[in-house]
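Participant: Now for the letters of each chain:
Number of protein chains: 4
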Amino acid sequence: MSTSNTVRNDGWFKLPNSRELVRNAIQIKSELLRNALAETVGTFILLFIGTSIIAQLHLPNGAINTWVQINVGWGFAITISVTSVSHISGGHLNPAISVLFFTMGELDVVSLLVYIASQHVGAFLGAAATYVIYRDAINDYDGGFRAVTGSNGTAGIFATYPQPFVSPLSAYLDQIAGTGLLAFCVLVIIDQRNKIPSVAHPLLFGISLLVIGCGFGLNCGYPLNPARDLAPRIFSYFIYGKEVFTHPWTCWFLVPIIGPTIGALIGGWFYIVLVGSHIPDEEKAKEEVRGKQ
Amino acid sequence: MSTSNTVRNDGWFKLPNSRELVRNAIQIKSELLRNALAETVGTFILLFIGTSIIAQLHLPNGAINTWVQINVGWGFAITISVTSVSHISGGHLNPAISVLFFTMGELDVVSLLVYIASQHVGAFLGAAATYVIYRDAINDYDGGFRAVTGSNGTAGIFATYPQPFVSPLSAYLDQIAGTGLLAFCVLVIIDQRNKIPSVAHPLLFGISLLVIGCGFGLNCGYPLNPARDLAPRIFSYFIYGKEVFTHPWTCWFLVPIIGPTIGALIGGWFYIVLVGSHIPDEEKAKEEVRGKQ
Amino acid sequence: MSTSNTVRNDGWFKLPNSRELVRNAIQIKSELLRNALAETVGTFILLFIGTSIIAQLHLPNGAINTWVQINVGWGFAITISVTSVSHISGGHLNPAISVLFFTMGELDVVSLLVYIASQHVGAFLGAAATYVIYRDAINDYDGGFRAVTGSNGTAGIFATYPQPFVSPLSAYLDQIAGTGLLAFCVLVIIDQRNKIPSVAHPLLFGISLLVIGCGFGLNCGYPLNPARDLAPRIFSYFIYGKEVFTHPWTCWFLVPIIGPTIGALIGGWFYIVLVGSHIPDEEKAKEEVRGKQ
Amino acid sequence: MSTSNTVRNDGWFKLPNSRELVRNAIQIKSELLRNALAETVGTFILLFIGTSIIAQLHLPNGAINTWVQINVGWGFAITISVTSVSHISGGHLNPAISVLFFTMGELDVVSLLVYIASQHVGAFLGAAATYVIYRDAINDYDGGFRAVTGSNGTAGIFATYPQPFVSPLSAYLDQIAGTGLLAFCVLVIIDQRNKIPSVAHPLLFGISLLVIGCGFGLNCGYPLNPARDLAPRIFSYFIYGKEVFTHPWTCWFLVPIIGPTIGALIGGWFYIVLVGSHIPDEEKAKEEVRGKQ
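Residue numbers (the numbering used here), protein chains in the order written: chain A, 5 to 297; chain B, 5 to 297; chain C, 5 to 297; chain D, 5 to 297.
Just chain A, same shape as in the assembly:
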């Protein structure tokens, strides 16, 4: 590990600064393509780490990880993955957030569709990479007989499944609430009137997800992100068969798609209407103070 610029050797044999050479040779000129690549890579990193965290909890039956590692791990995985691409695409990594930004006039329709597609591609690849790393461990766990649920079930590593007691209505409300709080936090953090330096944004996104996971993981496992759930579910279809789309109810898989999208819109606009619109402007505030003195 290194801050690197403190190393000032000019020694015996040293390679050229290949980083800048490569950059000049391959830099993508199209902003849309650049953003597509960034959203793909960012969501890949998020899901590769994220589904591996669940594997590490599930496969040794909690002997290594505990649930707190789910919260801390996913929270700071957001910090890392958003940081990695935020200076290119903004680091949405979540179709529900991209839809919210579209409604706020920050994203055009073509970009919205490209972002969503890229997020799904990245999430699919991330889940696949986790499967490659943990195939031996899954085989050890289930004896090679893949099962969605039950004592040998491992499909929950990739996509989320609700607790048996959760009704469809509760499941939708749960996803709306969790993603609504996430979108609320995102807009709090990026609102320039709240004066949070942009370097701190990914850390606060991570802390927000950590906190939400401490309170909204019981019912459905807090997917809160259509791409995070659907793309790994499609991947898991190739391993576990079509039951991944029908367990425990026929249309469960739609909940982590529709719920988060509605939730992000409600939570985001809840912030804009009830909080963000009422933060006093700096200049006005200063004038008031001046007027008083």
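Rather than coming from a laboratory, the hints here were simulated on the basis of the structure. This one's a predicted model, so the numbers in the text were calculated from it and none came from an experiment. A hint or two may mislead.
Listed next, the in silico BS3-like pairs over lysine-lysine satisfying Cα-Cα at most 25 Å (straight line) [as the list claims (entries may be wrong)]:
1) B:Lys18 with A:Lys33
2) A:Lys33 with D:Lys199
3) B:Lys199 with C:Lys33
4) D:Lys33 with A:Lys18
5) A:Lys199 with B:Lys199
Among the chain D residues that face chain A by a calculated CB cut under 7 Å, a handful are [to be verified]:
6) Asn28
7) Trp71
8) Val72
9) Ser171
10) Val192
11) Ile200
12) Ser212
13) Gly219
14) Tyr241
15) Val279
16) Ser281
17) His282
The C-beta atom is built at its ideal place from N, Cα and C for all residues, glycine as well.
With the hints as your guide, set chains B, C and D onto chain A.
Facilitator: Same frame as chain A, but now just chains B, C and D:
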């Protein structure tokens, strides 16, 4: 998630910057009303997340959350909720803190009353929202027969109840100590002579509550906030009946109201008298240094 | 909670800015007295929180806290308590660290003795405060029959005791190593050549103690601080009798006094001799770069 | 603990500022030697803390530490150890990272070899120091009969061993993935186009390792660093005999050497090719904005 201003698309179809349009249309001019709304929303967010965290610990009997998630979750829930409204109302979210600020000359009487009322409204709504999200899980836990305590008891999700061994005197001392330490920390953090940048305040408030929860949660569950306890208790009255006000003793419910208020005054003025008043002034310090050289 | 300066009410009835009035009336002029008070208050806060954290782990037999809360709680308790008084006395809160600073020429002999005495007074009062808060819980645990060790033993809440397998030599080495690493970290953090802004110092002190507690708590419970151990032990003498000084060996209680003092000197000077002395000066580095271009 | 520069005593008896005197007397002029010492000390600190953390988990059979302390402890041990020497050698502390920097033209061949040798020396000494501190506890655990594995096995405190179900292919993929993600994060953090202030780098390195440990510790215990694994293994050879090199397969010990080196190259160049090369330049971005307006 996004830092958003890095996205510079001017693509095919893009909505207008609706955030600013909405702001111009609906911004509240009255400072008092604005602050009332902010304290309501902030306390709503805090309690919605906070009581959900307790539900996630209690309902699966600790199989998901452990007590560390209570500490970390509530700590950073303070960070998030205070951050969200600090540029409007200051983000008190706690009547005991508002009373302390009143005694310090930072809040007039009308504002104090409005803050306290708003905090209770927000806390009531937050607890109600948790009930909506976790009604299925509570039904699964108690078979639909709501009980305050016992093996089916779930009222502790909403309001706090002391351990059986805690005497009234110990309960009061516990709430005075916990809230006193919280108020001490708040004044440390906001004292401009301690030169902590305001963007870091909510993070340090959260860390303070996290630490206090590690040490002062055993006796009474660290409510430390009259609105956080009373308003959800009133909500839970509609679910569990009047036992929520009489368990385990007739006037237990007064402890998390009176104790924190006394505690915040003691802790806050303890800081002012024993620490804050004695921080050397910057200018003086510089002069001394100059004098010496 | 509040950043406070955003509240600009000038309402109906408002108290005067009593904070500054009090300050002007009572500010202590003597630097030595000021520092004595600051070290007393800071160490009081540290020990009140710290011994309460251990009580919350021990009394419910780990049903609430787990060991991770010891690490996180003590770590960030350092952050809070050092922050609270660092602009007055520097926030040593540990005689071993004060002795190290004396050897570095940062503290005169009189100040050193005053710091050490103040730290002990604060630690004694902090332990006593924990006893007041947790007396009911201790009575519930031991039926009112105080015991140092055994199934009813609770003296470990206040002072540390080594594991049965630890020999005196290992105990000394353990305390030297743990406090040595702590002193090493303290000098890393405050070395101006490492360019860490002073507002981040208490956070990094806390993270350092957190990490050290993850690795050096098994043998002796990481006291790492003579005042943190001796003063609460003296307090516990009044509750548990003289066995607190003789269990498990006659002179165990000297280990957390002598070990940390030796350790801080070794760890601090290890940093100065092997690391701090070799950080290139900024100006030199710039000249070198200039020379090359 | 202290920010120290707030202490302005000029009291009765005060030692000279010995820190600067020592510095002037012993400062090493040779950059290569300075860097060698820094990498040795930094890796010593990392391994002394790190292997002690594993000892504290393993020896009381998880009664004190849990796996979350492994993640948090190792993560922030990176923060501390990198911070301590980053202004001298850059704080690589990992041969795989040094090799990556060599391929990026940031390190010459001689420096690369010196860095790698120094990292191994430091790691060896760190493991030896842990053995000194925990010898009594290991004796208590195994009755003095050292065993690599089995119910008395303790060699896992020093070097890593894979789970029985892990095939050589999976082990290599696991180490490539984990170290690849680590190298990816390192380049994200230090890329100046991502504008992360250098004081935050060690904290983010630590958070990265924390997250990776939450997801990639199950198969092989995430060594991710050739020096962290080989040098303590060589030390443990003197305690446990040659089985440390042959358990559970003849060439297992090569996996945490070869895997991380390949992984760092893949992960680092994955970042450069797919992310870093496409971050828009500040000036260009500004011109575009100007052009549009």
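Participant: Look at each hint and say if it fits the structure.
Facilitator: Results of checking the hints against the structure:
1. B:Lys18 with A:Lys33: Judged against 25 Å, a Cα distance of about 22 Å means the pair holds.
2. A:Lys33 with D:Lys199: holds (21 Å)
3. B:Lys199 with C:Lys33: holds (21 Å)
4. D:Lys33 with A:Lys18: This hinted pair holds, its Cα atoms lying about 22 Å apart.
5. A:Lys199 with B:Lys199: holds (17 Å)
6. Asn28: This interface hint is violated because 22 Å lies over the 7 Å limit.
7. Trp71: This hint holds: tryptophan 71 (chain D) lies near chain A, its Cβ roughly 5 Å from the closest one there, short of 7 Å.
8. Val72: holds (6 Å)
9. Ser171: Check passed: Cβ of serine 171 (chain D) comes within 5 Å of chain A, closer than 7 Å.
10. Val192: holds (4 Å)
11. Ile200: With a minimum Cβ separation of about 6 Å from chain A (threshold 7 Å), the hint on isoleucine 200 (chain D) holds.
12. Ser212: holds (6 Å)
13. Gly219: For glycine 219 (chain D), the interface hint holds, since the closest Cβ of chain A sits about 3 Å away, which is under 7 Å.
14. Tyr241: Constraint on tyrosine 241 (chain D) not satisfied, violated at 27 Å.
15. Val279: Holds, because the Cβ-Cβ distance from valine 279 (chain D) to chain A comes to roughly 6 Å (cut-off 7 Å).
16. Ser281: With a minimum Cβ separation of about 4 Å from chain A (threshold 7 Å), the hint on serine 281 (chain D) holds.
17. His282: At 5 Å from the nearest chain A Cβ, histidine 282 (chain D) passes the 7 Å test, so the hint holds.
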